[in-house]
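Chemist: Full structure from sequences and hints, please.
There are 2 protein chains.
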Amino acid sequence: MRAEHVNPFISSLTDTFQTMLACSLNRGGIYLRDSESCPHEVSGIIGLSGITSGTVVLSMEREVALKAAGTLLMCEPTEIDSDVIDAVGEITNIVAGQAKAQLEQYNLSLSLPNVVLGRAHRVCYPSDVRPICIPFTCAWGSVLIEIGLAAVPEPALA
Amino acid sequence: MRAEHVNPFISSLTDTFQTMLACSLNRGGIYLRDSESCPHEVSGIIGLSGITSGTVVLSMEREVALKAAGTLLMCEPTEIDSDVIDAVGEITNIVAGQAKAQLEQYNLSLSLPNVVLGRAHRVCYPSDVRPICIPFTCAWGSVLIEIGLAAVPEPALA
Numbered sequence: 000m001r002a003e004h005v006n007p008f009i010s011s012l013t014d015t016f017q018t019m020l021a022c023s024l025n026r027g028g029i030y031l032r033d034s035e036s037c038p039h040e041v042s043g044i045i046g047l048s049g050i051t052s053g054t055v056v057l058s059m060e061r062e063v064a065l066k067a068a069g070t071l072l073m074c075e076p077t078e079i080d081s082d083v084i085d086a087v088g089e090i091t092n093i094v095a096g097q098a099k100a101q102l103e104q105y106n107l108s109l110s111l112p113n114v115v116l117g118r119a120h121r122v123c124y125p126s127d128v129r130p131i132c133i134p135f136t137c138a139w140g141s142v143l144i145e146i147g148l149a150a151v152p153e154p155a156l157a
Numbered sequence: 000m001r002a003e004h005v006n007p008f009i010s011s012l013t014d015t016f017q018t019m020l021a022c023s024l025n026r027g028g029i030y031l032r033d034s035e036s037c038p039h040e041v042s043g044i045i046g047l048s049g050i051t052s053g054t055v056v057l058s059m060e061r062e063v064a065l066k067a068a069g070t071l072l073m074c075e076p077t078e079i080d081s082d083v084i085d086a087v088g089e090i091t092n093i094v095a096g097q098a099k100a101q102l103e104q105y106n107l108s109l110s111l112p113n114v115v116l117g118r119a120h121r122v123c124y125p126s127d128v129r130p131i132c133i134p135f136t137c138a139w140g141s142v143l144i145e146i147g148l149a150a151v152p153e154p155a156l157a
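Sequences listed follow chains S and H, in order.
Numbering that gives the first Met the number 0 puts the first residue of the first sequence at 0, with every later residue one more than the last.
Numbering that gives the first Met the number 0 puts the first residue of the second sequence at 0, with every later residue one more than the last.
Don't read these hints as lab results, they were simulated from the structure.
Treat the hints with caution; some may be incorrect.
[Unchecked claim] Stretches of chain H that chain S covers, calculated by requiring three or more beta carbons in the stretch to come under 8 Å of a beta carbon on chain S:
| id | stretch |
| --- | --- |
| 1 | 22-31 |
| 2 | 83-96 |
[What the hints assert, rightly or not] A few chain S residues that face chain H, going by a derived Cβ cut-off under 8 Å, partial list only:
| id | residue |
| --- | --- |
| 3 | P7 |
| 4 | I9 |
| 5 | T13 |
| 6 | C22 |
| 7 | S110 |
| 8 | V114 |
| 9 | L116 |
| 10 | H120 |
| 11 | R121 |
| 12 | T136 |
[To be verified] A short list of chain H residues far from chain S (calculated; beta carbon distances all over 10 Å):
| id | residue |
| --- | --- |
| 13 | M19 |
| 14 | I44 |
| 15 | C74 |
The structure displayed is predicted, hence computed values, not measured ones.
By construction, the Cβ of each residue, glycine as well, lies at the ideal position given by its N, Cα and C atoms.
Modeler: As structure tokens, this is what we get:
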């Protein structure tokens, strides 16, 4: 994976939080995921397929999911109900959709978003894929985006 | 979702277990997922996209994951390590790939498989998608396949 594949996800995530949620994200250092990495309690997952295939996981602390959903829905949810799950899935979908538009050379399409819940859940990738992780913090808590793509063929010369 | 969308996943799953793992699956009754449903401890997830989009979740008890991986790899794993995770991801990929071939009218492509671990994890769908669940039992334990597809457009008349 190269920077040109990751940057669209970073800009899409920060733009989405800023414009839809009025929430500024502060980016931490990029790292390759090792097996000990753990996501936060709520993870939106969306599959990508096209000339390459992959997955995007947007993992956030419970408080971030509640505040983000509350901002979208103009309410104050206190538990992870179906509205919060829909909001997390939709945010994941928008982030992946905006990034996809910047990666048009791969003709990507998106699967449905799933949301995984559980304090001790782990989302694992095939061992030949090492996802790139970018942590963020915001006023509500921590967010992590992971992008795992299968080896991307070089574009043909024009 | 109609039976013609679900049957390819049922036949693909039973065929894959029979031919790759020499394991016969006994099918239980089909049901629509309600929010209380819980998957087993190990879940393979793969996204589908094309003329429709969706997700397949293949959830299995820990013992099934260990025995299935052991059969594929000709070893006897006792914990869910990266080999077992790869095996569960690969089985999910094969099941989805075979079913996709029988649904060619939707021109589906597959994302990378992820594997979710955790005793108390839940994999949720958008609230407008009600996945169809088909439980199975085998000599190793219980397996559940869930298929969630967005509303499928009617095929155009020829």
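Chemist: Closer than 8 Å between Cβ atoms is the bar; does R121(S) clear it against chain H? Give me holds or violated.
Modeler: Interface hint status for R121(S): holds (5 Å vs cutoff 8 Å).
Chemist: Is the Cβ of M19(H) farther than 10 Å from every Cβ of chain S?
Modeler: Non-interface label stands for M19(H): nearest chain S Cβ at 17 Å, farther than 10 Å.
Chemist: Once the closest CB in chain S is found, is it more than 10 Å from I44(H)?
Modeler: 6 Å, violated
Chemist: Given that the stretch 22-31 of chain H was listed as covered by chain S, double-check it with a C-beta distance under 8 Å for 3 or more residues.
Modeler: violated (count 0)
Chemist: Closer than 8 Å Cβ to Cβ for three or more residues is the test here. Does the stretch 83-96 of chain H pass it with chain S?
Modeler: holds (count 4)
Chemist: Would the hint on L116(S) stand, with a C-beta cut-off of 8 Å toward chain H?
Modeler: This hint holds: L116(S) lies near chain H, its Cβ roughly 5 Å from the closest one there, short of 8 Å.
Chemist: Close enough to count: is the Cβ of V114(S) nearer than 8 Å to one in chain H?
Modeler: Check passed: Cβ of V114(S) comes within 4 Å of chain H, closer than 8 Å.
Chemist: Interface hint check: S110(S), Cβ to nearest Cβ on chain H, cutoff 8 Å. Holds or violated?
Modeler: This interface hint holds because 2 Å falls under the 8 Å limit.
Chemist: If you take the shortest Cβ to Cβ gap from H120(S) to chain H, is it below 8 Å?
Modeler: Holds. Min distance 4 Å.
Chemist: With a cut-off of 8 Å, does the beta carbon of I9(S) approach a beta carbon of chain H closely enough for the hint to hold?
Modeler: Not OK, violated: I9(S) not within 8 Å of chain H, min 20 Å.
Chemist: With a cut-off of 8 Å on the beta carbons, see whether P7(S) makes it to chain H.
Modeler: Since the shortest Cβ distance to chain H is 17 Å, the answer is violated.
Chemist: Holds or violated: the hint that T13(S) contacts chain H, with Cβ atoms closer than 8 Å.
Modeler: Where the cut-off is 8 Å and the nearest Cβ of chain H is about 24 Å from T13(S), the hint is violated.
Hints 1, 3, 4, 5, 6, 12, 14 from the list above are not met by this structure, while the remaining hints are.
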